[in-house]
Structures are given as C-alpha cells and as structure tokens.
Amino acid sequence: MSVETTDHLPLAVEAPHGVIHPWWVRVTHWVNVLAMFMMIGSGWQIYDASPLFGFVFPREVALGGWLAGALLWHFAAMWLLVVNGAVYITLGILTGRFRRKLFPIHPGDVVRDLLAALRGSLSHEDLSAYNAVQKLLYVGIIFTGIVIVASGLSIWKPVQFQWLTSFFGDYNTARYVHFAAMTAIVTFLVVHVTLAVLVPKSLRAMIIGR
Amino acid sequence: MPRQRKPIPGVDPKLLIKDAAKLLPEPSRRFFLRGAVSLGALAALSGCDIIDGDTSESTLRAISTFNDRVQAFLFNPNTLAPEYPESMITRPFPFNAYYSEDEAPDIDADKWELEIGGLVDNKKSWTLPELNKLPEVSQITRHVCVEGWSAIGSWQGVKLSDFLKMIGADTRAKYVWFQCAEGYSNTIDMPTALHPQTQLTLKFDHQTLPRAYGFPMKIRIPTKLGFKNPKYVTAMWVQNNDAGGYWENQGYNWFSGL
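So the sequences go chain by chain: R and F. Numbering-wise (the numbering used here), the first sequence opens with residue 1266 and increments by one. Numbering-wise (the numbering used here), the second sequence opens with residue 4 and increments by one.
Simulated from the structure, these hints should not be mistaken for lab results. Predicted model only: the values in this text are computed from it and were never measured. Careful, some of the hints might be misleading.
Computed beta-carbon distance windows for the label pairs [claimed, not checked]:
1. F:G247 with R:V1292: 33 to 43 Å
2. R:G1319 with F:S128: 45 to 55 Å
3. F:P95 with R:F1322: 23 to 33 Å
4. F:T58 with R:V1347: 32 to 42 Å
5. F:P194 with R:G1373: 56 to 66 Å
C-beta: ideal position from N, C-alpha, C; glycine also.
So that you can see chain F by itself, here it is in the shape it has in the complex (with noise of 0.2 Å):
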C-alpha cells in the first residue's frame, strides 16, 4: 500500500491536533472515491468506469510526477521570492505541523549536532555555536502553506549554498535529504539547494529560533511551500536518490516550488 502512514517516533498518534487533521486522510478511506458525487456524475458522463481507485491513483500520482519534471523546468535559479519590509511580518507567526506546540520536539542545544552525510568531503558534524559563528544571511519572505494560508516572516542564517561549497559537497548530486528530531523528513533538487534564499535557519526576526519554529535548526526556502521547510533538523544528506519525505509520500507533490 503506497498510502500507508509510518508511524512518528516519540509522537503519540492520539495527540495529533486539528490543525494536522485537516490534512490528515482517513485510513479506512481511499481519498479519490470520497468525491462521490462528482465521481458519479462524471463516470455517467463518460460512459467509462473512471471510478476504478487503483488506476486513478496511478494515472494522478504519474501526472504528479509529470508536473514535478514542468516545475523543475519553471524553476529559475537567479528568480528570488520577493521579500517585504519589517513592518508586514505576520505576529505571531503561526506554528503550524501535525502535531500540537506542546508535541514540538524539544532539543537540547548543547547536545544537538547537525549531522552530514553523503556525497561530502567533510563529514564533520555541526555544532551550534559553530554554525552561529558562519557569515549571517537575512530574508523577510512570504511563507505559504499547502492548505492555502500565508504569512510572512523574517528569517536569519546561514546561506546553505555556501556551507555545501564548504563542507565540500558534490553539488552535481541530485538531492539534498533533511532528517528532522521527531521523524520528519524531506528530499529537495540540487538547483533548489543551491538558490541564494535557501537558508540554514538559526534565527527568526533576528532572536534564536523559537521551538515552535524549529530550535535549533530549520531549513528555510522561499521558493518552495512550507512544508518543505522542514524544522528541527538533526541530518543532512547530499545524495542521488529521491528518500522522499513526510508529505511527499502520502500524495503531496514532490517538487511543491512557489
């Protein structure tokens, strides 16, 4: 079953909040066959048994696939999101994941590290106050999330296209994979990784980043939705294969660039 749900170490199942539920698909349900109405009506239209889930699903997830390859294309690395001055940042700005603020992995800082793998030359892992003392870069962007909302908020750290020329990483290498504290995680492209506004987050409106926001680390890119902004992240892989992501691999398109 392509579908099914890996469970999330150290996140109680039951605790899951509104606010993930809303994108949270009942298992007892395929999610095609829920437009029943719709389905119905276009299946006496066409005359052909379109309701058939197993072929819907491939046929959507292939199309899928297809507008992963037409975004790639779109995508244009010099092409910066626009960014906005301080006095429209959204406050607060919204804490948003499928579990609830109290749920938020709470990492200690002195023993967090930001592990490097892959296709990489230095392997060393990252410390925080080594990360701080890297040249800081600054972004107010807007935020938008899969579910349609935005807000717009002020990030600060460290450009991540200069810490993979730094660690020596082979920038050829298709992916980049993000292992997140509580079992989230997320692959994104090389260009991707490379464009001047993705960002090692350390900071939000120029104060550490608050736990809600992903302390100590997250990956910011404004060209991509939020939930390829993954939070409290503890790895990072630079790699040629697609390790999918949280999302990604319960239907959610893969590329997801703004």
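Chain R extracted, bound-state conformation (with noise of 0.2 Å):
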C-alpha cells in the first residue's frame, strides 16, 4: 500500500498545528486500556482452567469470576479490541503518522538511545518526536498485537481457520504463542505506565492532546 499519495489526504484525522496526539490515537488508544483490561484479565481466568505452566494467576486479578464468565468476558472484548485496533492501524498507516512517526528505525540509534535511557540522559523535551527506542517498542507493541489476534483466532477456530493455527505449528503451540505475546503486552504495560508515571505531560498529551 502506499502511503506517498495519502500523505496530506485526511485533514479531519490530521492533527492542528501544537497537537502532539491528534484525537484519533487518544481515542483508540483508551479504547484499547479499556479493552486490555479486559482480554488479560479474562484471559488469565481461563489460563487457570489449563495452565500452561507451573502457576495460575491469582483470581483477586482474574476477571470473569470462573472460566464460562471469563469466556464471555474474553469474547465480547475482542471485538472491542479488534475494531479499535483496526481503526488505529488503518488511521496511522492512511495519515501517514506511522511513517513519519515510527520509521526509519535504525539500530546504531537503538542502541545510543537506549544507553542514554538507561543512564537517565534521554531528553523527554519534545513529545512529538520518538527517541528511537521508543519507535522500536511501539512498532514492537503493534506487531504484538498483530500476533495476539492471529494465535488467538488459531486458538477459537483451529479447524475452520486451520491454515492459521498451522502457521504457529498447532493448536497447542499456538496457545504458547498466545500466552508469549500477553507476556510481552504486560511487560511492555508496565514499562509503558512506569515512564508515563515517570514523564507526567506525557499522559497529559495523551489525554488533552498537547
């Protein structure tokens, strides 16, 4: 698809000159809080029916209360999820946000910028501009996503969508894969909400814009 002929296509989607967010991507992304909240906490009670692994998830932050609640819950929200993801990625790829913003990404930058944040250098001056460790988490964090509705739709429909489920191997390795881009999804939560904790306009651009 290209995105050079689009480049000054929408202007209702274009944010006005000082906005850092325009109000699409506030939208879609408290949409998506929302539906976050609701797919990993219905998810870890159905995890807890057949854990994968050696623990469960305590049900204080399960959702669903026992595993036919978590069901519905899980069910309802993924088209929560899915329409506001598609939205968002058709949003950032039509207005050109995704490649102005996220790209290009190169790894001598990674790593300087990483080295900056780590010592605590790292200039949080201009929010309309990604460091490029940032723009790695976020295309990171969208192709996540990605991967979370395609094992997740191999894992509800391993005969009708099979050529899916084989493309993560089976329907069992498909729940591993399911359950690996959660625990990417939370750990990158958490890092994501600690530095908006961290870098408190942040969360005001994300909330009023600027």
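Each chain sits in its own coordinate frame; assemble them with the hints.
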C-alpha cells in the first residue's frame, strides 16, 4: 500500500498545529486500555482452567469469576480490541503517522538511545518526536498486537482457520504463542505506565492532545 | 435465575470431582463480580457503573448469542477437521466429565437402546448390535476442551448424516438434541449434524467404546469443543427448538465451534 499519495489527504484526522496526539490516537488509546483490562483479566482466568506452566493467576486479578464468565468477557471484549485496533492501524497508515513517527529505525540510534535511557539522560523535551527506543517499542507492540489476535483466532477456530493455526505450528503451540504475546504486552505495559508516571506531561498529551 | 444448576439424576453432587471444580461456578457469588480488582479499575476509568451485575450479564450473554451467529457464518460444511497419524494419538486419552470416572454411567448394553424422536419418519429405537451393523467410518482428530487442553483420539462409528437420512430425518430442521444417561444434554445445529466428520461413535481406537469415553455411544464432533460431544447418549431428537444443554445453560457459548 502506498502512503506517499495519502500523506496530505485526511484533513479531519490530521492534527492541528501544536497537537502531539490527534484525537483518533487518543480515543483509540483509551478504548484500547479498556479492551486490555478485559482481555488480559479474562485471559488469566481462562489460563487458570488449564495452566500451561506450573502457576496460576490469583483469582483477585482475574476477570469473570469462573471459566464460563471469563470466556464471555474474552469473546465480547475481542470485538472491542479488534475493531479499535483496526481503526488505529488503518488511520496510522492512511494519515502517514506511522511512517512519520515510527520510521525509520536505525539500529545505531536504538543502541545510543537505549544507553542514554539507562543513564537517565534521555531528553523528553519534545514529545512529538519519538526516540529510537520508543519507535522500536511502539512498532514492536503493534506487531505483538497482531500476533496475539492471530494466535487467538488460531485457538478459537483451529478447524475453520486451520491454515492460520498451522502457521503457528498446531493448536498447542498457538496457545504458547498467545501466552507469550500476552507476556510481552504486560511487560510493555509495566514499562509504558512507569514511564508515563515519570514523565507526567506525556500522560497529559495522551489525554488532551498537547 | 438463569444460572441455577439443574440437579443431575443419579449423581451425588458431593462426589463431583476436582476436574469439574474448575468449571463449576460458586453459586454463592455471581461470576462476573469476581474480578473485583480489574472491574474496579475499569469502573474508575470509565466513570460509569459497569459493575451492575444484571446489565453486565445480559450484555455478555447477548454478545455470546451474536457470537453464535458469527460462528454459524464462519462454519464451512466442507472444511474438515485436521486428521492425524496413529502415532499421534494421546495415550492414555483423558477421561473428562463433571463427575469422577467411578461415577460415570455404567450402562447394560443388552438393555440400552438409542431412542429416536422429533421430526423423523422412522422413530424406531436402535439396539447396539443394529448400530454396529451399519457402515463404519473412522477418524483420528483433536478433541479440544473448553478449558484449553486438547488430546488426539481415534473414533469409529456411523456417519451421523447418513444415519439421519436413513431414518428419514427432516434435515431442514434447525437442531439435533441429544439426551444422555446421566442427565447431560446437548443441542447442536443441523449444519454441524450433517458435517461429514460428525459421528455416532461406537468405538475408540477400533475397540468397543470404553465406559470412560461414553459406552455404548458418544457423539463425536471434531468441529466443536469437547463439551458439545455428548457421551452415554440415550436419545436423539430432530427439532426446531433449541433445547440448550448442560453447560450452555450455565453460560458457556452455545455454538462453541472450532
């Protein structure tokens, strides 16, 4: 898909001057927060019915109360997650925002910015431009979102979507991929929320746009 | 109350075992209230009262009914469940029920009959020797439990679509309902009943179906979750009303297609 020709296309979805996050980024971000709570909480409860590893998630952090309740939540919230995610990715591509904000990513910049971040010397003055580590993480989390939906579909429909299930190996390996993607997302969330708290104006920008 | 559990004739509730405990609700608490932490956080974020139990439950069930329709749409009658080589059969194949293996129905084959009812021309009951004389089909497919685990098994029996045609069932009817010896029941959609791999199963791994797996007859449906594969079947009705099922009535998704 060419993004060159659509760079200046959508006036309504392009942010006015001075706005860091256009309205559609903020709306889909917070809808996604809601979807994440429901999908992860109910997913933990579903996991507990047949754990893949030698632990279960405490019932206090699981959503749904028992397996049937959790499945109802999971297969309801999946629509929110997928529709919202599709809107976000479509607009991200069509407006050119992904291309402008997330690319290119140079390995050398990632190493440099990662070292700077670990030294605590990374600048957060200009919130409208992402550093290389941010770019890598945001591209990575979008990719992980696609993987968790695809592996989820593989587990839900291993007969109708068997071509997709076999892409992940088989039904069982798709379960592990789904779990691994959840782990990656939760790890991202811990870092993401911690940094938002450390740089409060980034949280403000995600709420009011600037 | 929509979620009240029906008593199961002949099964002492106290003997329900740990496998089932994972599935069973605690009647004292409504299921959607349990995730108090997550829900509390949700409510704080959204600023609205989504903890209202009845609204949550009816909304979730409405979406589940919508998901039934989506799954019926996704169901392709010509898509076959993957089949596996004999070497991949899970041994021992797990016993799974809401009761222990000791509590499973112990059916006297000489007295057992498959009762036929509903929109069917020939409602004659079928004995086990009669069913065993019918042409046999075989499959090695994956049984996927709603809990998440799966196991590969080998099943032999009569193709349900052939059997339905033979007894003059009205295949324009919407549902096929199965009643089981222990009180379990299941309703499936007609397209799934007519799927080429849906089977009246009389054997496991070419041996008479063991008691643990549903002797004398189970319904094997590799395009549905395990709980939609009833065991110890005693009656089959072709009908236009959805008679629900043991787990479906407690909140599990009705279609539960794979």
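The hints, checked one at a time:
Look at G247 of chain F against V1292 of chain R: about 39 Å separates their beta carbons, and that is inside 33 to 43 Å. At roughly 49 Å, the beta carbons of G1319 of chain R and S128 of chain F sit within the given window of 45 to 55 Å. Judged by the Cβ atoms, the range 23 to 33 Å given for P95 of chain F and F1322 of chain R holds: they are separated by roughly 29 Å. For T58 of chain F paired with V1347 of chain R, a C-beta distance near 23 Å fails the hint of 32 to 42 Å.
Taking the beta carbon of each, P194 of chain F and G1373 of chain R are about 57 Å apart, inside 56 to 66 Å as hinted.
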